[in-house]
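Quick note, the sequence shown lines up with residues 1 to 188 if you use full-length UniProt numbering.
A hint or two may mislead.
Cut-off 30 Å, straight-line C-alpha distance, at most; resulting in silico cross-link-like pairs (DSS-like, lysine-lysine) [claimed, not checked]: (1) K124 - K161; (2) K180 - K124; (3) K180 - K105; (4) K124 - K16; (5) K16 - K136; (6) K16 - K180; (7) K161 - K16; (8) K105 - K16.
By construction, these hints were calculated from the structure, which means they are not laboratory data.
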Amino acid sequence: MPSRYFIAISVPDAVKEYIQTVGRQLLQSNPQFRIVGREHIHSTLFFFPAVSDEGLATLCRITATVGSEADNFALALGSLVCFPSAVNARVVTCGVNDVSGAFRKLHTLLKNELNNAHFGYDSKTWIPHVTVGRLKEQQSISESKISQDANLAPPTWQATKVNLYRSDLGSEGLRYTVCKEVPLRYAP
Numbered sequence: 001m002p003s004r005y006f007i008a009i010s011v012p013d014a015v016k017e018y019i020q021t022v023g024r025q026l027l028q029s030n031p032q033f034r035i036v037g038r039e040h041i042h043s044t045l046f047f048f049p050a051v052s053d054e055g056l057a058t059l060c061r062i063t064a065t066v067g068s069e070a071d072n073f074a075l076a077l078g079s080l081v082c083f084p085s086a087v088n089a090r091v092v093t094c095g096v097n098d099v100s101g102a103f104r105k106l107h108t109l110l111k112n113e114l115n116n117a118h119f120g121y122d123s124k125t126w127i128p129h130v131t132v133g134r135l136k137e138q139q140s141i142s143e144s145k146i147s148q149d150a151n152l153a154p155p156t157w158q159a160t161k162v163n164l165y166r167s168d169l170g171s172e173g174l175r176y177t178v179c180k181e182v183p184l185r186y187a188p
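All chains should be modelled from the sequences, with the hints used to inform the complete structure.
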């Protein structure tokens, strides 16, 4: 049976704490808000809804190849954004500012390798972000109010590895398992 996988940049504990603090602040003003669990915080590059065992081998190879050729890079959390929109919000995220353009370059390198391998992926427009939480029902949210509620200095961090994760939904909820972890090259 095919499994769900995604390629993502992991985030350090300071970023996870910031995301959860923002989530707790949002929960105070909206009891229907569900905060993303600390173990589920990351920044996704690509999502694959159904991957076979053969496909997994291809994803591992692509992740290893591209990751080993990419340099580490600086990222910073940006302003809060709602998906699909502030008027019909279901997901609240922090945007990720790609300080050097290296995050977009990594995305492009992965996309090229996936396309060369004729490997299908979720083709939604990639918007770098880290998910803060979800709303149980679609509703209108004032992004300016969210920004005011989350009056904290957003952290910056160095992206040092790219991971391939398997996503399993079981009776105890969502579980992510790292299938492949690839360190990015050191770039001073």
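Here is how each hint holds up against the structure:
1. K124 - K161: Answer holds: K124 to K161 is near 23 Å, not above 30 Å.
2. K180 - K124: 23 Å, holds
3. K180 - K105: The hint holds at about 20 Å.
4. K124 - K16: 25 Å, holds
5. K16 - K136: Answer holds: K16 to K136 is near 22 Å, not above 30 Å.
6. K16 - K180: 21 Å, holds
7. K161 - K16: 16 Å, holds
8. K105 - K16: 24 Å, holds
Hint check: no violations occur; every hint is consistent with the structure.
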